[in-house]
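Enquirer: Next come the chains, spelled out residue by residue.
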Amino acid sequence: MPLYHTEEQAMLAETARGFMAEEGNIAKQLRHWRDRNCKDGFGHALWKQMAEMGFTGILVDEADGGLGMGHVEAGIVLEEIGRNLTPSPFLTSAVLAATALKHASAELKGRYLPGLVAGESVFAVAIDETAKHRPQRITTRAERAGNGFRLTGAKSFVIHGASADMIVVAARTAGADEDRDGITLFAVPKDAAGMSHDPVRLVDSSVATHTRFDGVELDGDAVIGEVDGGRDVLDAMLIAGRVGAAAEGVGVARGAMEMTVGYLKQRKQFGRLIGEFQALQHRASHLYSEVEIARAATIKAQQLLDAGAPSADLMASVAKAKVAKAARLAVQEGVQMHGGIGMTDEYDIGLYMKRDRALAEFLGDAYFHASRVAELSGY
Amino acid sequence: MADLETFRAETRAWLEANCPPEMREPVRDEDDIYWGGRRARFKNAAQQAWLEAAIAKGYTVPSWPKEYGGAGLSPAEAKVLREEMARINARPPLSSFGIWMLGPALLHFGTEGQKRRFLNEIARGEIRWCQGYSEPGSGSDLVSLQTFGEDKGDHWVVNGQKIWTSYADQADWIFCLVRTDKTNKYQGITFMLFDMASEGVTTKPIKLISGSSPFCETFFDNVKVPKSYGEDVPAYVGEINRGWDVAKYLLGHEREMISGAGGSERAAAIGAAMKRLAAKNGDEIDPVLRAELAMFDVDALAYAAMGEKFLDEIKVGKAHPAQPNMMKYAGTELNKRRHELMMAVGGSRALEWESEATEGGKPARAWLRTKANSIEGGTSEVMLNVIAKRILDLPGA
Numbered sequence: 001m002p003l004y005h006t007e008e009q010a011m012l013a014e015t016a017r018g019f020m021a022e023e024g025n026i027a028k029q030l031r032h033w034r035d036r037n038c039k040d041g042f043g044h045a046l047w048k049q050m051a052e053m054g055f056t057g058i059l060v061d062e063a064d065g066g067l068g069m070g071h072v073e074a075g076i077v078l079e080e081i082g083r084n085l086t087p088s089p090f091l092t093s094a095v096l097a098a099t100a101l102k103h104a105s106a107e108l109k110g111r112y113l114p115g116l117v118a119g120e121s122v123f124a125v126a127i128d129e130t131a132k133h134r135p136q137r138i139t140t141r142a143e144r145a146g147n148g149f150r151l152t153g154a155k156s157f158v159i160h161g162a163s164a165d166m167i168v169v170a171a172r173t174a175g176a177d178e179d180r181d182g183i184t185l186f187a188v189p190k191d192a193a194g195m196s197h198d199p200v201r202l203v204d205s206s207v208a209t210h211t212r213f214d215g216v217e218l219d220g221d222a223v224i225g226e227v228d229g230g231r232d233v234l235d236a237m238l239i240a241g242r243v244g245a246a247a248e249g250v251g252v253a254r255g256a257m258e259m260t261v262g263y264l265k266q267r268k269q270f271g272r273l274i275g276e277f278q279a280l281q282h283r284a285s286h287l288y289s290e291v292e293i294a295r296a297a298t299i300k301a302q303q304l305l306d307a308g309a310p311s312a313d314l315m316a317s318v319a320k321a322k323v324a325k326a327a328r329l330a331v332q333e334g335v336q337m338h339g340g341i342g343m344t345d346e347y348d349i350g351l352y353m354k355r356d357r358a359l360a361e362f363l364g365d366a367y368f369h370a371s372r373v374a375e376l377s378g379y
Numbered sequence: 001m002a003d004l005e006t007f008r009a010e011t012r013a014w015l016e017a018n019c020p021p022e023m024r025e026p027v028r029d030e031d032d033i034y035w036g037g038r039r040a041r042f043k044n045a046a047q048q049a050w051l052e053a054a055i056a057k058g059y060t061v062p063s064w065p066k067e068y069g070g071a072g073l074s075p076a077e078a079k080v081l082r083e084e085m086a087r088i089n090a091r092p093p094l095s096s097f098g099i100w101m102l103g104p105a106l107l108h109f110g111t112e113g114q115k116r117r118f119l120n121e122i123a124r125g126e127i128r129w130c131q132g133y134s135e136p137g138s139g140s141d142l143v144s145l146q147t148f149g150e151d152k153g154d155h156w157v158v159n160g161q162k163i164w165t166s167y168a169d170q171a172d173w174i175f176c177l178v179r180t181d182k183t184n185k186y187q188g189i190t191f192m193l194f195d196m197a198s199e200g201v202t203t204k205p206i207k208l209i210s211g212s213s214p215f216c217e218t219f220f221d222n223v224k225v226p227k228s229y230g231e232d233v234p235a236y237v238g239e240i241n242r243g244w245d246v247a248k249y250l251l252g253h254e255r256e257m258i259s260g261a262g263g264s265e266r267a268a269a270i271g272a273a274m275k276r277l278a279a280k281n282g283d284e285i286d287p288v289l290r291a292e293l294a295m296f297d298v299d300a301l302a303y304a305a306m307g308e309k310f311l312d313e314i315k316v317g318k319a320h321p322a323q324p325n326m327m328k329y330a331g332t333e334l335n336k337r338r339h340e341l342m343m344a345v346g347g348s349r350a351l352e353w354e355s356e357a358t359e360g361g362k363p364a365r366a367w368l369r370t371k372a373n374s375i376e377g378g379t380s381e382v383m384l385n386v387i388a389k390r391i392l393d394l395p396g397a
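Chains as they are written, first to last, in this note's numbering: chain A, 1 to 379; chain B, 1 to 397.
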């Protein structure tokens, strides 16, 4: 398959670009909700509109009421989300939870997917238990109790945890903390007794929670996939989530780069446009090169994932790491080249820097994924 | 698609029957590459057999039309042939600047007579060409070149000096940028073709820091260049005084080639191989070096995806016309980093300059050679200038 968008995908990209620029732009969404100190950190009305556009059901099978499309298409929407810094539960709901639910029973699919497709439900995923992404270590335990399970433990930095109608929780049902096997995934509903959230606002104005499970009683049918065999589903979620986060990061990088290159063409100092200075031209050209390469790696990862290729795992880490590096460069050059105005809250470039920081951390930063590339390559 | 699969099967069978086993071994030294030309000698019978089979099939220049010595393959078919050759590690049967540089220029700008004569000679490996572009005072600022051809009616008298002429000492003919109008900088250059055996042409190899001498200085002392080699075979490509158009086209093509070629080598991850190399030397890789290898592999694998995307886009005309500059910049900088890391893992062993263990100092010589990657064919700085101007549309660039 050629590494560029098909005609249908190009049309989707055009639609998504127009829609997100109009409805998801920084003034209408990020600043609007931030300045009102919104407890969810995003707008539910936009989520509903995204559903009307068909975006929320991109990864949901047609049989379940979705569009049955792939990660290239999800990535197209995510890139525009990134470009506009749109606060949205798309990545956690329509990518991560949607991937988990592909492996769920018909009963669970029926319970949750219609709400996702309609933009009426928001989902979160609770995997990490510390400040760094470390999915190999799961200490939250679920013990058998009657016909179901009792969940005990804590998860940290659950994005959209407080606003989620359902949280996919990775818990240990057997084995030691770092065992590969013995993981089970649960769909934990919002109103589960014994679940409590301690919300924290992050640097990018998103809201995460430290979520505790104090003997949360779950029915057996809350299990997604196999009991003790959840690691494969978790891996599938992580790959999809990383590729999705990479796509959003490409959008952040491109948004910051476009804003910065635009600024170089209008800001005058020493009687000249600063974009005439070769010192800045070369840095901008280098940045362009890095962002283009990061985008190619991301599309490659999306295609491999859609094709079910085993190498999608490696390429997902390549893309996540490369995008993290390229986007970091984009936002740092962005603020520096804007000069003093780049440090002001009024100007948007600083918002890109904040979002990049949070997005890069989500599901593993450049160091985590570069190290993973080394491990998967055998060194 | 079915046709392509048939073509793949036929190609595979043809390669199986015609590419000798010796020609499926990695290239070890310079004489493993067959450059053609009047003075060329085959290293062995396998090299000759492979060349002859390829010529008969049009596979020395598979994408060129059949009447000019090619096989007339479509881009998709040419890709299949490349993939099938790569699958068995087949060496190119013939390498030359005629194939890479002059051929594309003639296909685009040449007269029918020039194409019939020169392209067929190139396809059969009969004439080895070299490229006369850079001059001592004209490197990145190529258009300032001063080698001058004085108009004498039916011929020019050329005087001047070229530098960095690849393999000029072994070439038969040169395609050469010569100033023919001193009053017009851009529209005063002619793209001439002439015989290196002409009276007044001398060459002197330049020894590089790697110890090898792939480049020469080339001197022209009252060299007489006829304006025509026969009916419809002018001694210049394009129009007189419009050689800069041809040169620009070729520079773009060269960057595209540099950015595409060697892509597979440049794009490969190295960490695993470096771990084996360290183990062979009885060493371990320092954790900080491992981290740098990992970051390199991320960049290399991402660049591989970019290379694939770039070629896919070129095929359907979706690539930005200046994108080869970006590919050349990123690819050559990556290759320099690759060799820095390989030297670091190799340690003192990699410093050996003449030893048998290093096959004559291969790691060190290869490392030094890569330093030219970001200079030749347009420096990285020039590439960044071009990206700023043509892609980012920055002012005054």
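These aren't lab readings, by the way, just hints derived from the structure by calculation. Only a predicted model underlies this, so the values are computations on that prediction, with no experimental measurement involved. Be careful, since some hints might not be right.
[To be verified] Listed below are several chain B residues computed to face chain A (Cβ distance under 7 Å; list not exhaustive):
| id | residue |
| --- | --- |
| 1 | Pro287 |
| 2 | Val288 |
| 3 | Asp312 |
| 4 | Ile314 |
[To be verified] Straight line, CA to CA, 25 Å or less: simulated DSS-like cross-link-like pairs of lysine-lysine:
| id | chain 1 | residue 1 | chain 2 | residue 2 |
| --- | --- | --- | --- | --- |
| 5 | B | Lys371 | B | Lys207 |
| 6 | B | Lys185 | A | Lys265 |
| 7 | B | Lys182 | B | Lys224 |
| 8 | B | Lys185 | B | Lys371 |
| 9 | B | Lys336 | B | Lys207 |
| 10 | A | Lys268 | B | Lys336 |
From the three backbone atoms N, C-alpha and C, an ideal C-beta is built for every residue, glycine too.
Enquirer: Tell me if the straight-line CA distance from Lys371 (chain B) to Lys207 (chain B) falls inside 25 Å.
Expert: 15 Å, holds
Enquirer: Below or equal to 25 Å on CA atoms is what counts here, so check Lys268 (chain A) against Lys336 (chain B).
Expert: The hint is violated at about 36 Å.
Enquirer: What's the verdict on Lys336 (chain B) and Lys207 (chain B), does the C-alpha distance respect the 25 Å limit or exceed it?
Expert: 20 Å, holds
Enquirer: Using 7 Å as the Cβ threshold, decide whether Pro287 (chain B) counts as touching chain A.
Expert: Result: violated, 10 Å to nearest chain A Cβ.
Enquirer: With chain A as the partner, please determine if Val288 (chain B) meets the hint condition of a C-beta pair closer than 7 Å.
Expert: 12 Å, violated
Enquirer: Given the hint that Lys185 (chain B) pairs with Lys371 (chain B), test it: the Cα-Cα distance must not exceed 25 Å.
Expert: 31 Å, violated
Enquirer: Taken at face value, is the distance from the CA of Lys224 (chain B) to the CA of Lys182 (chain B) at most 25 Å?
Expert: The hint holds at about 19 Å.
Enquirer: Tell me if Ile314 (chain B) is really an interface residue toward chain A, meaning its C-beta lies closer than 7 Å to one of theirs.
Expert: 11 Å, violated
Enquirer: Checking one constraint from the list: CA of Lys185 (chain B) to CA of Lys265 (chain A), max 25 Å. Satisfied?
Expert: Violated. Lys185 (chain B) to Lys265 (chain A) sits at ~30 Å, over the 25 Å cutoff.
Enquirer: Given Asp312 (chain B) as an interface hint, is its Cβ closer than 7 Å to any Cβ of chain A?
Expert: Where the cut-off is 7 Å and the nearest Cβ of chain A is about 4 Å from Asp312 (chain B), the hint holds.
Violated hints, in rising order: 1, 2, 4, 6, 8, 10; the structure is consistent with all others.
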